[in-house]
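**Q** Sequence:
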Amino acid sequence: MSAQQPFILASGSPRRKQLLEALGIAFSVQTADTPEDYPKGLSTEEIPVHIAINKAKAVAALQTSPAVILAADTIVALDDQILGKPVDACQARSFLRSLSGRTHQVVTGVCLYYQDTPHGFAVKTDVHFNLLTDDDINYYVDKYAPMDKAGAYGIQEWIGMVGIDYIRGDYYNVVGLPVSAVKKRLDALNLR
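Counting in my numbering, the sequence shown runs from 25 upward without gaps.
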């Protein structure tokens with residue numbers, strides 16, 4: 025990538041920043057207030073891609089020179105119901121109770137935006153929780169306050185370490201950025 029085209033991560037997520045740093049890409053972080061709503065009728069895979077494209081476009085509109093912008097959005101889906109970021113501790117507990125003993129999907133939508141064109145894709149991972157006790161759920165919500173996380177949990181935190189039985193797919197996708205898929209897409213678009 026040429027020096028004339030800086031790389032911008034359109035996310036304030038410390039987890040996404042850490043994962044992108046691990047790829048060895050020089051980048052800056054810039055965010056823009058972007059609604060996380062979406063039109064009715066989108067599939068589970070289309071929802072986070074739609075949101076990621078909107079995030080990328082919002083940051084692109086702030087640029088005065090060409091840049092490559094990476095935006096992402098992660099959702100948790102259980103039986104086709106989207107579990108977003110909980111509004112409070114009570115809802116976080118409710119989300120975790122509904123995930124207990126069941127398999128759900130974590131879908132991250134990614135947008136690479138450059139030359140006024142969004143290149144969006146989604147990666148899906150199946151995650152299965154053991155049966156969680158009320159004590160487990162209360163401890164996690166009280167200690168980790170997961171209100172900034174889709175589905176009310178972070179796989180890299182205590183609840184993921186003790187509560188997740190197995191995953192099928194990309195672990196880093198559940199953390200918030202499917203690093204392998206991002207690298208492949210950057211390579212295919214000759215942006216790395």
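For the record, the hints were derived by calculation from the structure and aren't laboratory data.
Check each hint, because a few of them may be wrong.
What the hints assert, rightly or not - Label pairs and their in silico Cβ distance ranges: (1) Ala85 <-> Trp182: 21 to 27 Å; (2) Asn214 <-> Asp61: 20 to 26 Å; (3) His152 <-> Ile106: 15 to 21 Å; (4) Lys64 <-> Gly125: 38 to 44 Å; (5) Gln87 <-> Gly125: 23 to 29 Å; (6) Met171 <-> Pro59: 14 to 20 Å; (7) Ala85 <-> Leu213: 31 to 37 Å; (8) Arg192 <-> Gln29: 35 to 41 Å.
To be verified - Straight-line alpha carbon distances no greater than 30 Å define the calculated DSSO-like cross-link-like pairs of lysine-lysine that follow: (9) Lys207 <-> Lys167; (10) Lys41 <-> Lys109; (11) Lys41 <-> Lys81; (12) Lys64 <-> Lys81; (13) Lys167 <-> Lys109; (14) Lys81 <-> Lys167; (15) Lys81 <-> Lys208; (16) Lys167 <-> Lys41; (17) Lys81 <-> Lys207; (18) Lys208 <-> Lys167; (19) Lys208 <-> Lys41; (20) Lys64 <-> Lys167; (21) Lys64 <-> Lys109.
Note that the Cβ used here is the ideal one computed from N, Cα and C, for glycine as well.
**Q** Each hint needs a verdict: does it hold in this structure or not?
**A** Results of checking the hints against the structure:
no.: 1; hint: Ala85 <-> Trp182: 21 to 27 Å; result: violated (39 Å)
no.: 2; hint: Asn214 <-> Asp61: 20 to 26 Å; result: violated (33 Å)
no.: 3; hint: His152 <-> Ile106: 15 to 21 Å; result: holds (18 Å)
no.: 4; hint: Lys64 <-> Gly125: 38 to 44 Å; result: violated (30 Å)
no.: 5; hint: Gln87 <-> Gly125: 23 to 29 Å; result: violated (46 Å)
no.: 6; hint: Met171 <-> Pro59: 14 to 20 Å; result: holds (18 Å)
no.: 7; hint: Ala85 <-> Leu213: 31 to 37 Å; result: violated (21 Å)
no.: 8; hint: Arg192 <-> Gln29: 35 to 41 Å; result: holds (36 Å)
no.: 9; hint: Lys207 <-> Lys167; result: violated (34 Å)
no.: 10; hint: Lys41 <-> Lys109; result: holds (19 Å)
no.: 11; hint: Lys41 <-> Lys81; result: holds (19 Å)
no.: 12; hint: Lys64 <-> Lys81; result: holds (20 Å)
no.: 13; hint: Lys167 <-> Lys109; result: holds (17 Å)
no.: 14; hint: Lys81 <-> Lys167; result: violated (36 Å)
no.: 15; hint: Lys81 <-> Lys208; result: holds (22 Å)
no.: 16; hint: Lys167 <-> Lys41; result: holds (23 Å)
no.: 17; hint: Lys81 <-> Lys207; result: holds (21 Å)
no.: 18; hint: Lys208 <-> Lys167; result: violated (37 Å)
no.: 19; hint: Lys208 <-> Lys41; result: holds (18 Å)
no.: 20; hint: Lys64 <-> Lys167; result: violated (35 Å)
no.: 21; hint: Lys64 <-> Lys109; result: holds (19 Å)
Hints 1, 2, 4, 5, 7, 9, 14, 18, 20 from the list above are not met by this structure, while the remaining hints are.
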